[in-house]
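Asker: Chains as they are written, first to last, in the working numbering: chain A, 106 to 805; chain B, 29 to 404.
Note that these hints are calculated values from the structure, not bench results. Careful: at least some of the hints might be erroneous.
Looking from chain B toward chain A, a few residues come up when the C-beta cut is under 7 Å (computed) [claimed, not checked]: (1) R186; (2) S384; (3) E387.
Not close to chain B: a few residues of chain A, all C-beta gaps over 10 Å, as computed [said to hold, decoys possible]: (4) P235; (5) N645; (6) L661.
A virtual CB, placed ideally from N, CA and C, is assigned to each residue, including glycine.
Chain by chain, the residues run as shown.
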Amino acid sequence: MTADSPDDAALPEGRATSSVRRSDLERRLPRSAPDALRFEPGVFVQQTAHGQGSAFIRGLTGQQTLLLFDGIRLNNSTYRQGPNQYFFTLDSHSIDSIDVLRGGGSTRYGSDALGGVILTRPLSLPRPGPSDEGLWARPRLRLRGASADREWGGRLQLEAGLGEKWGFIGGVGGRRVGLLESSGPVLNPIDGQLPEVPRFAPDGRTQLGTGFDELTADGRTVWHLAPGQRLTLAGYLYRQFDSPRTDQCAPPYAPHNECLRYEQQFRTLAYAAWDAEALGPWAHQARATLSWQQQHERRRHERPSSFVFLLGEDDVDTLGLTALAHPRPFALPGGLSLALSYGLDSYLDFLRSEATIGFSDLGISLPRSRGQYLDGSWYLHGGAFLEGELSLPQGVVVRAGSRLSWVAAHAPGDSESGSAPVERSWFPLVGHAGAEWTPVRSLTLLASVDRSFRAPNLDDMTSRQQTGPGFQFENPLLAPETATTLEVGVRVRTAPVSLQLWAFTSLLEDAVGKRPREARDCPPETPQCQASWSRFQLVNARELSVLRGLEASARLRPLPGLVSMASVAWTWSEGPNLSDPPSDPSLPFERRVPLSRVPPLNGTVELVWSHPLGLSAGGALRWASAQTRLALADRSDARIPLGGTPGFAVVDARLSYRRGNLLMIALVAENLLDSPYRYHGSSVNGPGRALTLSLEGALP
Amino acid sequence: MSNTSKSLHTNLPALMLAAALTACGNGNTGIPNGDNPNPGDAQGECATKPTYTENVAACVPLATDYQPRVEGSANDSWAACISDDNTYHPIQESISTIARVEGFETIARLLWTPGKVPSPQSFVDARVKYAEAEGLDSRVQRREDIHHPPPANGAKCRDAGIPELYPDRCVGPAKLLPILNDAFVKGANNEQPLVQAARIEASLVWFLYVSALSEVTSCGDKLGDCDSAWAYYTGGTARAAPIGLARYVKELTPETHERAYDATLAVRCWRDLDTAVPAANTSLQFQARTQLDTALLRGMAVIVRQRFQELTCTSGDVKQARWTFLRVMVPLMDRAARELDATQADVLKAQVEKASPDEVDVPAAVAALDVLFDCP
Chain A
106 MTADSPDDAA LPEGRATSSV RRSDLERRLP RSAPDALRFE PGVFVQQTAH
156 GQGSAFIRGL TGQQTLLLFD GIRLNNSTYR QGPNQYFFTL DSHSIDSIDV
206 LRGGGSTRYG SDALGGVILT RPLSLPRPGP SDEGLWARPR LRLRGASADR
256 EWGGRLQLEA GLGEKWGFIG GVGGRRVGLL ESSGPVLNPI DGQLPEVPRF
306 APDGRTQLGT GFDELTADGR TVWHLAPGQR LTLAGYLYRQ FDSPRTDQCA
356 PPYAPHNECL RYEQQFRTLA YAAWDAEALG PWAHQARATL SWQQQHERRR
406 HERPSSFVFL LGEDDVDTLG LTALAHPRPF ALPGGLSLAL SYGLDSYLDF
456 LRSEATIGFS DLGISLPRSR GQYLDGSWYL HGGAFLEGEL SLPQGVVVRA
506 GSRLSWVAAH APGDSESGSA PVERSWFPLV GHAGAEWTPV RSLTLLASVD
556 RSFRAPNLDD MTSRQQTGPG FQFENPLLAP ETATTLEVGV RVRTAPVSLQ
606 LWAFTSLLED AVGKRPREAR DCPPETPQCQ ASWSRFQLVN ARELSVLRGL
656 EASARLRPLP GLVSMASVAW TWSEGPNLSD PPSDPSLPFE RRVPLSRVPP
706 LNGTVELVWS HPLGLSAGGA LRWASAQTRL ALADRSDARI PLGGTPGFAV
756 VDARLSYRRG NLLMIALVAE NLLDSPYRYH GSSVNGPGRA LTLSLEGALP
Chain B
29 MSNTSKSLHT NLPALMLAAA LTACGNGNTG IPNGDNPNPG DAQGECATKP
79 TYTENVAACV PLATDYQPRV EGSANDSWAA CISDDNTYHP IQESISTIAR
129 VEGFETIARL LWTPGKVPSP QSFVDARVKY AEAEGLDSRV QRREDIHHPP
179 PANGAKCRDA GIPELYPDRC VGPAKLLPIL NDAFVKGANN EQPLVQAARI
229 EASLVWFLYV SALSEVTSCG DKLGDCDSAW AYYTGGTARA APIGLARYVK
279 ELTPETHERA YDATLAVRCW RDLDTAVPAA NTSLQFQART QLDTALLRGM
329 AVIVRQRFQE LTCTSGDVKQ ARWTFLRVMV PLMDRAAREL DATQADVLKA
379 QVEKASPDEV DVPAAVAALD VLFDCP
C-alpha cells in the first residue's frame with residue numbers, strides 16, 4: 106500500500122511522537138484500534154469493557170485527548186470526562202497507521218488536544234502492479250481467530266483501479282467475540298479479596314460482561330482530477346452490537362443477571378477531501394475536507410429479575426469543514442527558510458437524546474422527560490491557525506504558531522427534570538513555540554512550550570449519567586480548561602540505534618475534575634442521584650493541576666534482521682482536592698491529591714527477527730508497576746481494586762510469514778506465563794494464555 | 029427492652045409466655061382494645077379504626093440496652109459516645125438510603141392511601157418509582173436476611189441459582205421480589221388493586237425491616253452503612269417526624285418507636301466507640317443490632333396486630349387487602365416468632381393459613397402476637 110493522504114495530515118514536527126505502522130499491526134495482531142497502541146511510549150490503554158478501549162496519553166484520556174481519522178476530528182461534544190469507547194469504533198483492519206502526538210496540540214487541531222492527539226490513517230490505495238493495466242481489481246480475504254475470547258471473523262477487501270486515474274479500496278468485515286478468559290482474578294492489594302469488578306464464571310477465569318459482535322464496512326475512492334489535484338470520497342461504517350459494559354454487567358453488589366450493555370454502538374463517517382498542489386504562492390499544497398459523522402449509541406440497562414429495562418439512545422450528527430494550506434517556503438536573507446501553514450476548521454454537532462423505562466412483563470415503555478443529554482442541543486466549534494517554521498543556520502529550527510477558536514453551545518432546558526438551558530460561547534486563544542538544534546547529524550535536542558485548551562462540551566454541561574465512581578450531573582457554568590506543557594527531548598538517530606528521551610511538565614489551569622457532591626446538591630427530580638452511593642459534578646479546579654513525566658523509547662539493531670525496541674513511561678500527577686475539607690479540622694484532609702486514573706510506571710520490550718524470505722519471529726514484554734496513588738474518585742470506582750491496581754508483567758511470543766503482498770500468516774501466543782493482570786482503571790483483566798491467528802490472502 | 033422476669037435472649041418460650049402473661053402489663057387480653065367490630069363504611073373500610081393503646085410500663089430495658097433518653101445514657105452499660113445527646117449524627121453527609129425511603133413514601137401515597145382505590149396508572153407510576161436506578165428495586169434484589177446463615181462455600185445471593193437454594197437468607201430476590209413483580213403487574217392490569225397494593229406494602233415494609241438489620245451488619249466493614257441502618261428505619265428524620273417504617277411504628281406504638289430510635293443511636297454509638305474497619309468490637313455490634321431487632325420486631329408485630337384487628341371491621345376488597353397483607357407478612361415473621369415460642373408461632377401461622385379472612389380467630393392471633401412480641 107502507499108499513502109494517498111498528503112503529509113498535511115501528519116503530526117507537528119519537533120514534538121514527542123510515535124507511530125504504529127501496518128506492519129506492526131500485522132505482527133502484534135491487536136484486538137482493536139486502542140489495543141494497537143499498547144506498545145507506544147507514554148500511552149496506556151484502559152478498558153472499561155471488552156468492547157471498549159481508551160488511550161491515556163501523558164495521564165489524560167477521553168475528552169482531554171483528540172482523535173482524528175484522516176485529519177478529521179472524531180471527538181464530538183458528548184465525549185465524557187474519563188475513558189470512553191470511541192477509539193474502539195475504528196476498525197483496525199481498515200487502518201494503515203496510527204500516529205501519536207504526546208502533549209498539547211490545540212494550535213493545529215483545536216479543542217480537546219490537551220494530553221495528546223491520536224491521528225489514524227486509513228488503508229490507502231495500492232499502486233497498480235506491473236500486471237495491473239487498465240481496469241484491475243484484486244480481492245483480498247483476511248481471517249482471524251483468537252482463543253481467549255473465541256473470537257472469529259474476517260474481512261473481505263477489494264482493491265481496484267483504473268491506471269493512475271482512479272483507485273478504490275474497500276471492504277466488509279465482521280467478527281463475533283465471546284466471553285474473555287483471563288488468567289484469573291486480580292486481587293485487592295488492601296485485603297487480598299476479590300474485587301467487585303469483573304464478575305467471573307465458575308471457572309474463576311472467564312469474565313462475565315464481556316463479548317460483542319461487530320460489523321464494519323468501508324470504501325475509499327480517489328480520482329486524479331487533474332495534475333496535482335485529487336478528490337477523495339470515503340465512507341467508514343462501524344456497527345457494534347451487544348457490548349456489555351463490564352463494570353456494570355453486573356454492577357457491583359447487584360444480581361448476576363443485571364447488565365448495562367451497549368446494544369448499538371455505531372459510527373458512520375463520510376467525507377470528501379480535495380487535495381491540490383501549486384494553486385498559487387500561498388497554496389503550494391492545500392487540502393479541504395467536508396465531512397459528516399454520525400455517532401449512535403443505544404444503551405440498555407436490564408434487570409431481568411424485575412422485568413425492568415432502562416433504555417438510552419443518543420445520536421450526534423457532526424458536520425465538519427476543514428481547510429489547510431502550505432505556501433511555498435519563503436527564502437529569507439542569510440540563507441534562512443520560513444515555512445508556513447495555515448488553516449481553519451469548524452464542526453457543528455446536532456444532538457438527539459432520549460431515555461425510557463420499560464417493563465417487559467407489562468409490555469410497556471415510558472419516555473422520560475430527558476435523556477442522558479438534552480435533546481435538541483447543538484455545539485459549534487472551530488478556529489483558524491497559523492504556524493511557522495524558521496530554519497536557521499547551525500542546525501537550528503524554530504517553530505511557533507497560534508490559533509483563535511470559537512466555541513458556542515446551546516441546550517434547551519427541561520423543567521420537569523430541573524435541567525437549566527445552556528447558552529455559552531468562548532473564544533480561546535492558544536499557541537506554541539519551540540526549537541530544535543541538531544549539533545551533530547545523529548543528535549537533536551528539542552524544547553517546546555505549548556498552550557492548548559478544551560472548551561466545556563455538552564457532556565460536561567448537560568449530561569446526567571452513572572459513571573464508574575458514581576452519579577455525575579451537569580455543570581452548565583464550566584469554563585474552558587487549558588494546559589501549558591513544557592517539554593524537552595533528545596533524539597539520537599544512528600544506523601544501529603535510535604533513541605528518544607522526553608521530559609514534560611503540564612500545568613492544567615481550570616482543570617475540569619469530579620467534585621464529590623452531597624445529596625442536597627443533586628438536581629431536582631433526579632432520585633437516582635440522591636440514591637447513589639457517590640455523587641459528582643464536574644467543576645473547574647481553582648488551583649493548578651500538574652502532570653509531570655519522563656518517556657523513553659529506543660530501537661536497536663544489534664544484528665542484521667534483528668530489531669529490539671523498548672519503551673518506558675512514568676507520569677506523576679497532582680491537583681487540588683476538589684472536595685470540601687471536613688468541618689472538623691482535626692480530621693485528616695489532603696489539600697492536593699493525585700489526578701484520576703493516571704497510569705503507573707510502565708513499559709514494553711519487543712524483539713523482532715526477520716528473515717528475507719518473509720519469516721519473522723519475536724517476543725514482547727509489557728509491564729507496569731502497581732498504581733496506588735489514587736484520586737478521590739478512584740477510591741469509589743469499582744474498576745480499581747481496593748488500594749490500587751497491582752503491577753504486572755506479560756510475555757507474548759509471535760511468529761509470522763509474509764509472501765509478498767499475497768499471503769500473510771501471523772500467530773501470537775499471548776501471556777505465556779498465564780499471569781493475571783489488569784491495566785490500571787480497567788474493568789477487564791487481560792487475556793490469559795491464549796493464541797491469536799490471522800490468515801490473509803489475495804489473488805495475484 | 030424486656031419485662032422484669034426475663035431476657036429476650038434466652039429463648040425460653042415457656043418462661044417468656046409466663047412472663048408475658050403475668051408481668052408485661054400491656055393490658056392485652058387477646059381482645060382488641062376497646063374496638064369492637066363495627067360494620068365498616070360503604071367502601072369496606074372500618075368506620076372507626078380499631079385503636080391500640082400501648083402499655084409497656086412493665087417492660088424494662090435489658091442491662092445491655094443503650095438508653096440515650098435516660099440522662100444521656102449515663103446509667104446504662106455503654107461508654108460515653110456521640111449518640112449520648114440523643115441525636116443521630118450521620119457518619120456521612122449524604123445518605124443514599126433516604127432517597128429509597130422517600131421512594132417508599134411516594135409509592136405509599138400512590139397505592140395505599142386510605143379510602144382510595146389505586147388505578148392501573150397509579151401502579152405503573154409506583155413501579156416507575158420503585159424501579160428507578162439505585163432505587164428500591166435495586167436493593168430488594170440484593171437484600172439478605174442476616175438472621176439466616178449465608179450460602180455455603182462463599183456463594184452469594186447475587187449468584188445464579190443461589191436465591192432458590194437459600195430463600196430465607198436471600199429474602200429479597202427469593203421471597204419479596206416475586207411478590208412485588210406479580211403485584212405490580214396485576215395492579216397495572218386492574219386485578220384486585222387493593223389486594224395488590226397490600227402485597228406491595230407488606231413486601232416493602234418487610235424489606236425496610238430486614239434492610240435496617242442488614243446495614244448494621246455490613247457497617248462492620250463499611251462505616252456509612254450505619255447511616256443506612258438508621259435511614260432504613262427513619263428515612264433520615266428526627267424522632268418526632270419519621271417517615272417510612274418508623275412512621276408506621278410511631279403511629280401505632282410510640283414507645284416502641286422511641287425504643288427503635290434508641291437502638292439506631294446504639295448502632296451509631298457502637299461505631300463511634302469502635303472505629304476500626306473491619307469492626308473490632310463485634311460483641312458491641314451484636315448488642316446494638318439485637319436491641320434494634322427486638323424493637324423493630326415489636327413494631328412489625330404491632331403493625332400486623334393492627335391488620336388482624338381491622339379484619340373485624342372491614343369488608344369486601346378492603347378486607348381482602350388486610351388479609352393479603354397478613355398472609356405476606358406473617359410467614360416472613362415466622363422465623364422470629366418461632367425462635368421465641370414455637371407454640372404461639374403455630375397459632376399465628378394457623379390463622380393466616382385459613383381459607384378466608386372470615387375464618388380467622390382474631391383474638392387468638394392478637395394474643396399470640398402480644399405474647400411473642402410483648403416488649404420492644
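Asker: It remains to establish, for every hint, whether it holds in the given structure.
Answerer: The hints, checked one at a time:
1. R186: Since chain A brings a Cβ to about 5 Å from R186(B), closer than 7 Å, the hint holds.
2. S384: Violated, because the Cβ-Cβ distance from S384(B) to chain A comes to roughly 29 Å (cut-off 7 Å).
3. E387: E387(B) check fails; min Cβ-Cβ to chain A is 33 Å, beyond 7 Å.
4. P235: 61 Å, holds
5. N645: With a cut-off of 10 Å, N645(A) remains clear of chain B, as the shortest Cβ separation is near 22 Å.
6. L661: 49 Å, holds
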